[in-house]
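> So the chains spell out like this:
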Amino acid sequence: MTDLIRRLLWWFTSSALTSVLLFLVLISASSSQASRLPLLFNPQPISSSREAESLLALAKQADARIEERIARLGTIFALHAIPRLGSLSVASQARVLIALRPVRARTGDTSAQLGLDSDPKNLSEDLLFWQRFTEERQLDFRPPARTRIVRRWLQGELSIRRRELFALDTYALPELVAELGSIKTEEDVARARLLVPAIARLTQEPWRLTRDADPDQVSHTVANIRRYFDRNGGLYRDPAPLEMVAEVLSQTEFAVLVGEVGRGLLGIERNEDLERAFLDLNRASPGIFAGFLGAFALGPLIAAALGLGRIRWPRLSRSLWELPLAGVALLSFGLLQLDEAPGYVELGGCALFSATTVAFLLTEELNQRLHFRVLSVLVRRSTMRRLAALLREFSPTALALVPVTVLEVVLVPVLCSGSEGRPTILKQIAASMTEGQLEYPMACGLAFIVAVATLELITNPLVGALGRGLKELH
Amino acid sequence: MATLVGSSLLAVLLAFSLGSLLGRLGLSFGLARALLDILTQFRATLGFWLLAALCLQNGWVSPIIALGGAAGLIQAIPIARWVCLRSDSGELNAARAVALGQSTARHAAATTSRQGAAFAAALFAIVQVVIVAAGLRELAPAHAPLAEISIIPSLTLLPLLLIAEPLLRKLMARLPT
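Keeping their order, the protein sequence lines are chains A and B. Going by the working numbering, the first residue of the first sequence is number 1, and it counts up by one from there. Going by the working numbering, the first residue of the second sequence is number 1001, and it counts up by one from there.
Next comes chain A alone, as it looks inside the complex (with noise of 0.2 Å):
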């Protein structure tokens, strides 16, 4: 029980380093120059209250671009900033204050529109206002709060409710897009027809939701939505010490595409690529399958029919019986590299090609093993007697071949099999990188390293006992 136990923890271990390397390798070679997070660990991870300190301190210096990110950061902000005011010097108070007056439109209050100068009368009206706010709604700006009134604003769409909202600003955020859920039936399209127009309005993207829009548009628009909160959501949120070590790895790329790819697989929004990936697994999916026939039923015949020969021929030179399994292997691969190959050729190929791989290494382990004394005593023996010999010879090196023959059996679905004129796996993949998207590689990537790592969680202890029945045979 113990040992399962380890070598289920080692299958979720491994896979999740390989997985990062692969995403290494993957990022490294796409060729795509978008601003990136940091790729597996991030030491500054951003969070509203360090986002609002250096816009304070940039306050101070007078720095002009702090408007527009003082407006995107909204009452987060202001909650931060108002009570730490004093601090600062007029100039700079001002200049926060009037930053701040799209805001102050945004929660709903309409005098914010009247007064855009930076006339001192105004400025110390402004003052008033978010001092009043901050001490009027401060028990709304606590996640329990914050979680009734979006839900409750979901409920029905009430002008009260809505104001109760729109007093949140961006602080109701996190909530709004936690609750767009998975778009698939009619309730899901009208629940994100209120969500995504609030979203959009506070954090001033250009999400739109047509009235005729389909649950594919809306659940597209979703997932754009969900894109930009995996890279910025860090800013409306202010974690606590120990939850900063959860964003120190959550917010980098391979994250992200994690979470993306995550969402895909649990059916949370629809991911194009991840579809693609599955339809393309899933065509070559009967190549796949005569690889594995061939390499595990075909192979072992073969090398087990070399290895009866071997005993009626001894004298015969090894590298006549390798030589044409390599010989084979090559030709069907060539012969794969032809355009327009039909189906049948496709699969028969698939077949051999892993067959005579596995065989050449398996003819060659056996010709090792049948030294002179082990000749000697099978040469007596009845055919049938020979072959279980054979078989019982070489099935430990069979099953260690398991995990190690998948890219074997996979590359020429992968590389060759690309029917009714769509492009192989391995252009879907080239194209992919070259476009930066990740999402194809890394899904076609995962299934392969799922794949090995099952077998390897079931071969090992397989070969551990094979080895040890041979040993006691011997």
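Incorrect hints may have been included.
Claimed, not checked - Listed below are several chain A residues computed to face chain B (Cβ distance under 10 Å; list not exhaustive):
id, residue
1, 12
2, 13
3, 18
4, 394
5, 446
Keep in mind the hints are simulated off the structure, nothing from the lab. Note that the structure is predicted; figures quoted are calculated from it, not measured. Heads up, the beta-carbon is just placed ideally off N, CA and C, and yes, glycines get one too.
Chain A is fixed; fit chain B onto it per the hints.
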């Protein structure tokens, strides 16, 4: 053709030497065995193809090294696994050899050279070169070492297999045991 031959020789040598080394490390350290499991998974994700394409695109290595290196690494992993496998199923022999004064590493070297599947895997690196070249043609078309992979250039490698086999056997026979 020169690229194919050069890469093939590099691949065979790299597969055998790196495979033996990794296998020997696997005999002594559990961490090396864990690394082998991860490398086996990485091998199946076409990771070494992507790595070779990355090296070629950035001009870090010559086509011969990219091609031979990728094929050699791909074949080194099964070799290392078999070295570890033999040690699992031949603990008695290992114990006997060590009792007679042979170091574990030397014993591993000897079992690698005697193990047929490992030897065949090293030779198969020649076939793997053709396969990796076909993969690189798709992944890095502008930098691929071979413009076209078809039956004829693939078959020209068969005589190389004929030459490489006795050479590799002689090399193995000279290994200290």
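> For every hint, state whether the structure bears it out.
Going through the hints against the structure:
1. 12: violated (12 Å)
2. 13: Holds, about 8 Å.
3. 18: Holds. Min distance 4 Å.
4. 394: holds (8 Å)
5. 446: holds (8 Å)
Checked against the numbered hints listed earlier, the structure breaks hint 1 alone; every other hint is satisfied.
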